[in-house]
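Numbering of the sequence shown is given in our numbering, commencing with residue 36 and proceeding in unit increments.
What the hints contain is simulated information worked out from the structure, not anything from laboratory work. Note that the Cβ used here is the ideal one computed from N, Cα and C, for glycine as well. There's no promise every hint is true.
What the hints assert, rightly or not - No farther apart than 30 Å at their CA atoms in a straight line, the calculated lysine-lysine pairs in the DSBU-like style are these:
1) 174 with 125
2) 209 with 174
3) 105 with 142
4) 125 with 142
5) 105 with 174
6) 125 with 210
7) 125 with 209
8) 105 with 209
9) 174 with 142
10) 174 with 210
11) 105 with 210
12) 209 with 142
13) 210 with 142
14) 125 with 105
Claimed, not checked - Taking CB as the label site, the calculated pair distances span:
15) 143 with 216: 36 to 46 Å
16) 177 with 198: 12 to 22 Å
17) 187 with 142: 34 to 44 Å
18) 104 with 198: 16 to 26 Å
19) 117 with 160: 25 to 35 Å
20) 209 with 104: 16 to 26 Å
21) 143 with 185: 36 to 46 Å
22) 125 with 99: 12 to 22 Å
23) 159 with 217: 35 to 45 Å
24) 116 with 166: 17 to 27 Å
25) 217 with 144: 34 to 44 Å
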Amino acid sequence: MMRTAAVPVLLAVLLAAGPLAAQSSPEADPLDKPLSDTTNTPQPASPGHEHESTPSTPDAAKSGRTAAPKDVYIYVGWPNDGEVVRGRFKVWFGLRNFGVAPAGVRKDNTGHHHLLVDTDLPPMDEPIPNNRNYIHFGKGQTETYLELPPGRHTLQLLMGDAEHIPHDPPILSKKITITVRPGGDSTRVSVR
36 MMRTAAVPVL LAVLLAAGPL AAQSSPEADP LDKPLSDTTN TPQPASPGHE HESTPSTPDA
96 AKSGRTAAPK DVYIYVGWPN DGEVVRGRFK VWFGLRNFGV APAGVRKDNT GHHHLLVDTD
156 LPPMDEPIPN NRNYIHFGKG QTETYLELPP GRHTLQLLMG DAEHIPHDPP ILSKKITITV
216 RPGGDSTRVS VR
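Kindly generate the complete structure, drawing on both the sequences and the hints.
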């Protein structure tokens, strides 16, 4: 009697968990979308987050740019410099001593990522361009998938403030070089 009563209860639990499992599956992860689906335009500030960031350094006050601590460290966590990848690959962003906030949110010591692909740094006193070489992550994303044509490419991260303007001093990563080989979805082929 105890066994037959447990079966309907177990079945009910499994059926109830089904929708939750589907929501947490890799297919439901918005970061698994192609890069064109993860680029963003500036987002409006969330209610209650309209306060201004005040420059905390003399240089920031003179430049009108948002101040950044000098101990911030930003880096491309993957792929590594010199990496050889195939097809579509994941890029994740590393950041220390600084926070991530969506575009439009003005909060001290925060910003959002911009991935520079095969390009030089933009002017530091203007909004970072938004095109295929300057990819905006205005929702606060910290990783994406990228698909580039075969060949050598450079990647570099640059943080932008609520209005996509680089901080003062600029928060930028080392520029890395990767090689993309044709074919497959294999993320890692070799390291130099």
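For each hint, the structure was consulted:
This hinted pair checks out: residue 174 and residue 125 have alpha carbons roughly 18 Å apart, not beyond 30 Å. Simply put, residue 209 and residue 174 have alpha-carbon atoms about 23 Å apart, close enough for the 30 Å limit, and the pair holds. Between residue 105 and residue 142 the alpha-carbon distance is near 17 Å, which keeps this suggested pair within the 30 Å criterion. Only pairs whose Cα atoms come within 30 Å are accepted, and residue 125 paired with residue 142 is accepted, the gap being roughly 28 Å.
Restraint check for residue 105 and residue 174: the C-alpha separation of about 24 Å stays at or below 30 Å, so the hint holds. Among the hinted pairs, residue 125 with residue 210 is consistent with the structure: their alpha-carbon atoms are about 17 Å apart, no more than 30 Å. Restraint check for residue 125 and residue 209: satisfied, since their Cα atoms lie roughly 18 Å apart, inside the 30 Å limit. This hinted pair checks out: residue 105 and residue 209 have alpha carbons roughly 16 Å apart, not beyond 30 Å.
Restraint check for residue 174 and residue 142: the C-alpha separation of about 14 Å stays at or below 30 Å, so the hint holds. Distance check on the hinted pair: residue 174 and residue 210 sit about 23 Å apart at the alpha-carbon level, within 30 Å; holds. For a cut-off of 30 Å, the pair hint linking residue 105 to residue 210 stands: about 19 Å separates their Cα positions. Of the supplied pair hints, the one linking residue 209 and residue 142 holds, its CA atoms being roughly 25 Å apart against a limit of 30 Å.
Distance check on the hinted pair: residue 210 and residue 142 sit about 27 Å apart at the alpha-carbon level, within 30 Å; holds. As the CA atoms of residue 125 and residue 105 are separated by approximately 29 Å, the hinted pair is consistent with the 30 Å bound. Range check, residue 143 to residue 216: Cβ separation about 43 Å, and the 36 to 46 Å hint holds. Between residue 177 and residue 198 the Cβ separation comes to about 20 Å, which falls inside the hinted range of 12 to 22 Å.
The given range of 34 to 44 Å is respected by residue 187 and residue 142, whose C-beta atoms sit roughly 38 Å from each other. In this structure the hint that residue 104 and residue 198 lie 16 to 26 Å apart at CB holds, the actual value being about 19 Å. Hint check: residue 117 to residue 160, Cβ distance near 33 Å, so the stated range 25 to 35 Å holds. Against the hinted window of 16 to 26 Å, the Cβ-Cβ separation of residue 209 and residue 104 comes to about 19 Å, which satisfies the hint.
For residue 143 paired with residue 185, a C-beta distance near 43 Å keeps the hint of 36 to 46 Å intact. For residue 125 paired with residue 99, a C-beta distance near 36 Å fails the hint of 12 to 22 Å. For the pair residue 159 and residue 217, the beta carbons lie near 36 Å from each other, so the given range of 35 to 45 Å is met. In this structure the supplied range 17 to 27 Å holds for residue 116 paired with residue 166, their Cβ-Cβ distance being about 24 Å.
For residue 217 paired with residue 144, a C-beta distance near 42 Å keeps the hint of 34 to 44 Å intact.
The structure does not agree with numbered hint 22 stated previously, though it agrees with all others.
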